[in-house]
Amino acid sequence: MGIALLAGWAILAVVGLRLLSSPPAQARGAGVAVQNSAAPESPPATAAECDPGVWIDQYREAGEAYARGLLTQPDARARLIAASLLGHYADDTDARIQAAAAYADAVRYGADDPLVRWVEALRCLAASADCDPDAALRRLQQLEPDNAAVWLLGLQARNRDEAAADAVLQRAASARRYRLFDSEYAQETTQLLRRVPGPAIGACAAARMRPETGYAGTQAGAVGFLAQDFVSALPTPVFTQLSALCAQPPPRRRQACIDVLSRMATDADDLASRGLATALLVGSIPDDSDALWRERLRRDRWLALRLSESADRLRAEQPLRLLLEGEIPGFESWLAETGQADAPPPDWLPSDPGSRALILTGRPDSSAAEEYRLAPR
Numbered sequence: 028m029g030i031a032l033l034a035g036w037a038i039l040a041v042v043g044l045r046l047l048s049s050p051p052a053q054a055r056g057a058g059v060a061v062q063n064s065a066a067p068e069s070p071p072a073t074a075a076e077c078d079p080g081v082w083i084d085q086y087r088e089a090g091e092a093y094a095r096g097l098l099t100q101p102d103a104r105a106r107l108i109a110a111s112l113l114g115h116y117a118d119d120t121d122a123r124i125q126a127a128a129a130y131a132d133a134v135r136y137g138a139d140d141p142l143v144r145w146v147e148a149l150r151c152l153a154a155s156a157d158c159d160p161d162a163a164l165r166r167l168q169q170l171e172p173d174n175a176a177v178w179l180l181g182l183q184a185r186n187r188d189e190a191a192a193d194a195v196l197q198r199a200a201s202a203r204r205y206r207l208f209d210s211e212y213a214q215e216t217t218q219l220l221r222r223v224p225g226p227a228i229g230a231c232a233a234a235r236m237r238p239e240t241g242y243a244g245t246q247a248g249a250v251g252f253l254a255q256d257f258v259s260a261l262p263t264p265v266f267t268q269l270s271a272l273c274a275q276p277p278p279r280r281r282q283a284c285i286d287v288l289s290r291m292a293t294d295a296d297d298l299a300s301r302g303l304a305t306a307l308l309v310g311s312i313p314d315d316s317d318a319l320w321r322e323r324l325r326r327d328r329w330l331a332l333r334l335s336e337s338a339d340r341l342r343a344e345q346p347l348r349l350l351l352e353g354e355i356p357g358f359e360s361w362l363a364e365t366g367q368a369d370a371p372p373p374d375w376l377p378s379d380p381g382s383r384a385l386i387l388t389g390r391p392d393s394s395a396a397e398e399y400r401l402a403p404r
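Count the sequence shown with our numbering and you get residues 28 to 404, in order.
To be clear, the hints were calculated from the coordinates, so they are not data collected in a lab. Treat the hints with caution; some may be incorrect.
To be verified - The calculated label-pair distances, taken between Cβ atoms and stated as ranges, are:
#1 89 to 367: 29 to 39 Å
#2 189 to 120: 38 to 48 Å
#3 99 to 356: 25 to 35 Å
#4 194 to 380: 45 to 55 Å
Backbone N, C-alpha and C define an ideal beta-carbon position, used for all residues, glycine too.
My request is simple: use the sequences and hints to build the entire structure.
As structure tokens, then:
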């Protein structure tokens with residue numbers, strides 16, 4: 028399952044900073060309409076004034092200038108986000124060196140903040156040549172000892188040592204909650220960018236913003252565009268080892284897998300974590316709760332599909348919603364606010380045979396991988 032399944036549950040596409048070099052006809056027409064409606068003495072908008080990419084770049088530059096002013100502030104999270112943002116946009120060696128130094132200083136300053144240590148651990152696991160992953164994990168686990176997610180991160184560093192991985196899994200199973208800090212990272216980033224005194228957008232560029240980027244030509248659209256690009260650059264937790272350990276576990280590991288996955292499926296506020304955990308659990312709990320997990324899997328798959336179908340509308344109308352509220356809470360509140368159903372019709376099933384079989388019987392069909400299951404019945 029692992030990476031492939033995680034990819035299947037990651038619904039919202041990451042929007043990059045590269046804009047289309049040739050705007051679509053719809054955008055060109057919108058720009059012309061704005062120009063024609065202007066007073067006769069007003070000169071036509073220039074190509075740069077009509078290019079939303081120019082405006083986004085100006086907003087980004089304003090964000091970088093604002094971030095530099097936060098590097099010595101007493102807010103540990105603001106310092107972390109500011110330093111990370113400068114590193115993300117650094118375009119030469121000197122800028123990257125300065126950003127790296129600012130990031131290291133921010134980590135030292137925020138040594139007692141779980142979010143700071145979470146980001147440090149994720150970045151360290153993704154680039155261990157620059158740091159010691161075990162030391163970064165220990166610092167995080169000391170701050171969050173009752174959080175299963177921080178122990179599961181340790182599986183990435185022990186993917187060749189089964190005994191050590193079992194010990195980490197058992198420790199995660201004893202934790203009473205599961206909490207990723209990715210949503211908090213997105214919230215902090217979005218709040219920081221909302222405070223940036225960014226440039227105003229002209230009518231011509233505003234008209235082309237949505238056709239070319241998917242985001243509205245407003246301050247919220249610019250913040251959403253930049254925040255999504257920046258947040259998506261943070262390394263994500265990889266649960267390949269968890270899938271391998273809990274796909275067909277021996278009896279000594281089975282209960283630990285069930286405990287970890289149950290907590291993950293209950294507490295996660297992102298579809299990737301919840302979808303992975305629920306799919307692994309289905310058909311694996313030897314009591315009547317199996318039917319409950321199968322129904323939860325059905326709703327999770329439906330919710331993922333609905334989020335995929337609604338992504339364009341959310342980016343255009345509510346560009347900050349999921350960033351500020353979290354993926355699942357934000358989407359569910361939006362469904363309620365707009366009067367849409369928050370659960371699938373009674374007869375709805377996903378289109379792929381493997382998921383349908385899991386939902387209906389607790390078993391994958393013959394074409395689905397057996398690793399969906401914790402253990403054979």
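To see whether the hints hold, each was checked on the structure:
1. 89 to 367: 29 to 39 Å: holds (36 Å)
2. 189 to 120: 38 to 48 Å: holds (42 Å)
3. 99 to 356: 25 to 35 Å: This hint holds: roughly 34 Å between Cβ atoms.
4. 194 to 380: 45 to 55 Å: About 37 Å separates the Cβ atoms of residue 194 and residue 380, which means 45 to 55 Å is violated.
Comparing the model with each numbered hint stated earlier shows that hint 4 is the single one that does not hold.
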